[in-house]
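Model the full assembly from the supplied sequences, consistent with the hints where possible.
Each chain is listed here by its residues.
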Amino acid sequence: MIEFDPNISSLLTNATGMTPRVNPPVSGTDFSKAVKALGDCVSKVDNMQQASDASVEDLLAGRNNDITAVVSAVAKADMSFKVLVGVRNKLIEAYKQTMNMPL
Amino acid sequence: MSVEKVFGPVDISVSGMRAHARNMEVISSNIANARTADAGQGQPYRRLETIFRTQGEGASGVTVDEVVQDNSPLQRLYDPGNPKADASGYVSMPNVHLPVEMMNLNIASRAYQANAAILRRYQRMVETTLELLR
Chain A
69 MIEFDPNISS LLTNATGMTP RVNPPVSGTD FSKAVKALGD CVSKVDNMQQ ASDASVEDLL
129 AGRNNDITAV VSAVAKADMS FKVLVGVRNK LIEAYKQTMN MPL
Chain B
165 MSVEKVFGPV DISVSGMRAH ARNMEVISSN IANARTADAG QGQPYRRLET IFRTQGEGAS
225 GVTVDEVVQD NSPLQRLYDP GNPKADASGY VSMPNVHLPV EMMNLNIASR AYQANAAILR
285 RYQRMVETTL ELLR
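Residue numbers (the working numbering), protein chains in the order written: chain A, 69 to 171; chain B, 165 to 298.
Hints in this document: simulated from the structure, not taken from any laboratory. Be aware that a few hints might be false.
Which bits of chain A does chain B cover? Going by a derived footprint, with three or more residues having C-beta under 8 Å, they are [what the hints assert, rightly or not]:
hint, region
1, 139 to 147
2, 155 to 162
Sample of chain B residues lacking proximity to chain A, with all beta carbon distances greater than 10 Å (derived) [said to hold, decoys possible]:
hint, residue
3, A196
4, D243
5, P247
Label-pair restraints from in silico Cβ distances [claimed, not checked]:
hint, chain 1, residue 1, chain 2, residue 2, range
6, B, T218, A, P170, 56 to 64 Å
7, A, D126, B, Y254, 28 to 36 Å
8, A, A105, B, A196, 52 to 60 Å
9, B, R199, A, A129, 34 to 42 Å
10, A, G130, B, Y242, 41 to 49 Å
11, A, N133, B, M289, 24 to 32 Å
12, A, P170, B, E291, 31 to 39 Å
13, A, V153, B, Q239, 57 to 65 Å
14, B, I271, A, Q165, 39 to 47 Å
Every residue gets a Cβ at the ideal spot worked out from N, C-alpha and C, and that includes glycine.
Following this line, the structure appears as structure tokens:
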């Protein structure tokens with residue numbers, strides 16, 4: 069789980085840096101909304117990853133001996149990350165398809 | 165998009181795992197003290213029982229409400245040589261019955277496994293749903 073952190077932060081910068089580029093001049097289209105929602109979601113998923121890291125660290129350091137809490141935090145982080153990656157892949161695919169559309 | 169909304173089953177099954185682990189702790193205390201003639205105030209150990217309670221209204225997790233003493237009569241063991249024996253040669257022993265505790269242990273470990281299985285199955289379900297995105 070710990071090695072996901074750099075990816076998450078790079079994703080975050082990519083996502084925030086991507087929004088103006090993807091945003092058409094007319095603000096508030098469906099696609100830009102979706103991308104913005106994904107950007108908000110990244111921070112939530114990042115919070116969950118950090119919570120799961122913290123609970124693993126607490127368990128290993130002996131501050132907490134409730135292994136079920138660790139299981140819960142890690143399962144949530146894992147699932148939310150998978151949701152994020154699935155939605156992101158779909159969005160990027162949609163973007164690519166739009167860009168490759170012959171005019 | 166609220167990712168937290170999909171975690172109900174995770175929280176519920178984890179609460180079940182936690183509660184049954186606590187129950188197992190109580191059962192192991194009962195088994196460890198099955199022959200403890202002195203549990204503090206000169207009285208034999210009394211077996212403990214776990215009371216579960218739901219965490220909230222409707223579909224919710226479980227939590228251990230309290231751990232109560234079983235006040236059923238203590239066992240009487242005929243042991244005239246024991247210094248703690250009374251006038252008729254009987255010693256009071258804890259009201260722990262090992263077969264009963266073994267059954268409770270089985271129930272607790274099966275319940276724990278069932279909750280873990282739900283957690284795993286739910287993770288697979290979410291993954292199946294995400295497969296549909298591809």
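The hints, checked one at a time:
Taking a C-beta to C-beta cut-off of 8 Å, the region 139 to 147 of chain A contributes 6 residues in contact with chain B, enough for the three needed, and the coverage statement holds. Check on the region 155 to 162 of chain A: 3 of its residues sit with their Cβ under 8 Å from a Cβ of chain B, so the three-residue criterion for coverage holds. Every CB of chain A is more than 10 Å from the CB of A196 (chain B) (nearest about 19 Å), matching its label as outside the interface. D243 (chain B), annotated as away from the interface, keeps every beta carbon of chain A farther than 10 Å; the closest lies near 39 Å.
Consistency note on P247 (chain B): stated as away from chain A, and its beta-carbon is indeed over 10 Å from all of that chain's, at 39 Å minimum. At about 59 Å, the beta-carbon gap between T218 (chain B) and P170 (chain A) stays in the expected band of 56 to 64 Å. About 50 Å separates the C-beta atoms of D126 (chain A) and Y254 (chain B), a value inconsistent with the hinted range of 28 to 36 Å. Under the hint 52 to 60 Å, the C-beta atoms of A105 (chain A) and A196 (chain B), about 54 Å apart, fit the expected range.
At about 37 Å, the beta-carbon gap between R199 (chain B) and A129 (chain A) stays in the expected band of 34 to 42 Å. Judged by the Cβ atoms, the range 41 to 49 Å given for G130 (chain A) and Y242 (chain B) holds: they are separated by roughly 47 Å. Under the hint 24 to 32 Å, the C-beta atoms of N133 (chain A) and M289 (chain B), about 30 Å apart, fit the expected range. About 36 Å separates the C-beta atoms of P170 (chain A) and E291 (chain B), a value consistent with the hinted range of 31 to 39 Å.
The beta-carbon spacing between V153 (chain A) and Q239 (chain B), approximately 60 Å, falls within the hinted interval of 57 to 65 Å. Checked against the hint of 39 to 47 Å, the pair I271 (chain B) and Q165 (chain A) fails, with Cβ atoms roughly 55 Å apart.
Comparing the model with each numbered hint stated earlier shows that hints 7 and 14 do not hold.
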